[in-house]
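Student: Okay, so the sequence shown: first residue is 74 according to this note's numbering, each after it adds one.
I should point out that these hints are in silico values taken from the structure, not numbers from a laboratory.
Everything hinted at is true.
Taking lysine-lysine pairs in the DSS-like style, the calculated list, with each CA pair at most 25 Å apart, reads:
1) 477 with 593
2) 484 with 580
3) 477 with 580
Keep in mind the model is a prediction, meaning the values are calculated, not measured.
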Amino acid sequence: MGPVLAGVLQLLALIAALALAYRPLGDYMARVYSSEKHYKPEKWIYRAIGANPSAEMRWPAYLRAVLAFSAVSVLFLYTLQRAQGILPGSLGFVAIDPDQAFNTAASFVANTNWQSYYGEQAMGHVVQTGGLAVQNFVSAAVGMAVAVALVRGFARSRTGELGNFWADMVRGTVRILLPIAVIGAIVLVACGAIQNFAGIHEVGQFMGGTQQWNGGAVASQEVIKELGTNGGGYFNANSAHPFENPTPFSNLFEIFLILVIPFALTRTFGRMVGNLRQGYAILATMATIWIGFTALMMWTEFAHHGPAFDVAGGAMEGKETRYGIGASAIFSVATTLTSTGAVNSFHSSYTGLGGGIQLLGMQLGEIAPGGVGSGLYGMLIMAIIAVFIAGLMVGRTPEYLGKKIGTREIKFAACYILITPALVLGFTAAAMALDTPANSMTNTGAHGFSEILYAYTSGANNNGSAFAGLNADTQWFNSTIGIAMLLGRFLPMVFVLALAGSLAEQKPVPETAGTLRTDKPLYTGLLVGTILIVTGLTYFPALALGPLAEGLAS
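Sequences are here, hints too, so could you generate the full structure?
Tutor: So, in structure tokens, the structure goes:
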């Protein structure tokens with residue numbers, strides 16, 4: 074079997090698995106977030122944190138709860154890292170430096186999981202399992218809670234109440250993420266991923282000496298790293314490491330975990346607003362972009378010409394021979410079109426155009442299908458922009474799901490889509506203008522610029538992957554990327570929740586003959602076009618200086 078055919082068959086198998094999980098998982102999540110029942114373990118958690126899960130919140134209260142919980146999480150994770158040297162199970166590792174501890178705390182709480190350290194050489198068992206793994210669960214649950222709050226804004230009328238953040242966050246963790254993670258961890262252990270609390274031990278000979286590895290609860294952290302679209306690896310090689318991702322089957326399973334909740338949330342959306350066709354329209358938009366990007370990535374990596382590439386069957390530099398080009402391309406697109414950031418190949422080694430596809434996937438806003446929760450609310454923001462553009466074309470006040478999109482709503486949506494580009498381009502410009510950040514680049518020219526652009530694109534979009542040719546473990550990058558991650562995560566949430574509150578206060582608008590049908594293929598095409606045009610106008614100059622220039626020169 075040729076490598077191209079193998080890649081296509083893996084993509085088809087992945088699509089089939091996602092299709093099988095779509096309906097049951099989507100409907101189950103809708104029931105979870107619509108239920109009024111509280112399970113006993115959930116009640117224990119509510120009592121421990123002093124929360125009333127039945128109290129409805131308006132958007133300012135919901136936002137305050139999100140920010141308060143996240144602020145405490147950053148402080149806790151920072152303190153845990155700084156105290157690592159005196160903690161049991163530290164494997165002899167010392168406390169993390171202040172700037173790196175801040176960067177890591179911001180990264181994992183913001184669901185970014187950007188890593189400027191070698192996991193197996195810096196973090197002990199307590200920090201890995203009691204700090205990083207816990208944030209993998211709750212940061213994902215926070216994103217899902219905010220998405221559900223926006224969906225309630227569309228579904229409810231004449232009320233500003235959006236539900237209860239504490240109930241949404243706890244249910245997302247206990248009823249959705251934990252059960253799937255337990256099953257997924259068992260699958261990964263069966264595939265060969267390790268799960269233990271072993272210390273550092275020497276394994277065989279390496280370059281005339283011994284090589285050291287430490288064990289860890291890897292399988293359980295690996296599964297929530299993918300399922301929660303987190304991405305932070307237990308080892309520096311991330312999902313290219315055989316302890317994290319041992320076989321081609323485990324590789325395909327991890328891609329499935331990355332995509333399953335973001336895609337299934339479109340079904341949850343349709344079910345909660347009482348119109349499944351609206352969910353299918355959002356799903357079609359996400360799937361169109363995802364399949365298109367995957368096809369382009371596979372083409373650029375398989376078709377790169379030259380004798381060495383022909384012998385290898387494509388551009389194999391930086392890719393695991395266990396997976397090959399097809400599986401690496403599928404994984405790369407999945408991780409950059411979501412807020413995952415996990416890697417099973419070296420992104421900096423991709424062709425110039427391949428690196429551009431990775432960058433563009435993040436710059437779209439990671440909405441196809443995006444992160445758990447963040448992908449859905451990002452796509453719904455773009456859906457509002459699309460109906461606004463359609464309204465301008467016909468001279469009619471835009472409507473979406475029975476809600477008028479007026480001046481206030483479009484301002485919230487516009488602020489949402491402007492925040493991330495401002496962070497990415499502003500920090501990139503500052504880094505290129507100063508001498509010290511530029512000295513961290515391994516490469517010069519277009520590829521060196523792409524390293525800097527990729528770092529801030531990844532941080533501000535809460536992705537976490539890296540070109541890896543950049544030395545990001547400096548005070549400048551630890552501090553600025555940490556700030557970009559926090560602002561890129563929580564500033565957009567302000568406008569998402571404000572928009573949700575504004576929509577929930579409206580009374581429903583009856584559908585008329587002039588209402589734009591947002592559940593038809595025509596609207597799906599308009600939405601895809603809007604996403605690509607808005608992103609292209611924003612980032613094309615920067616992309617032209619980096620990956621496009623490199624791709625055209627090769």
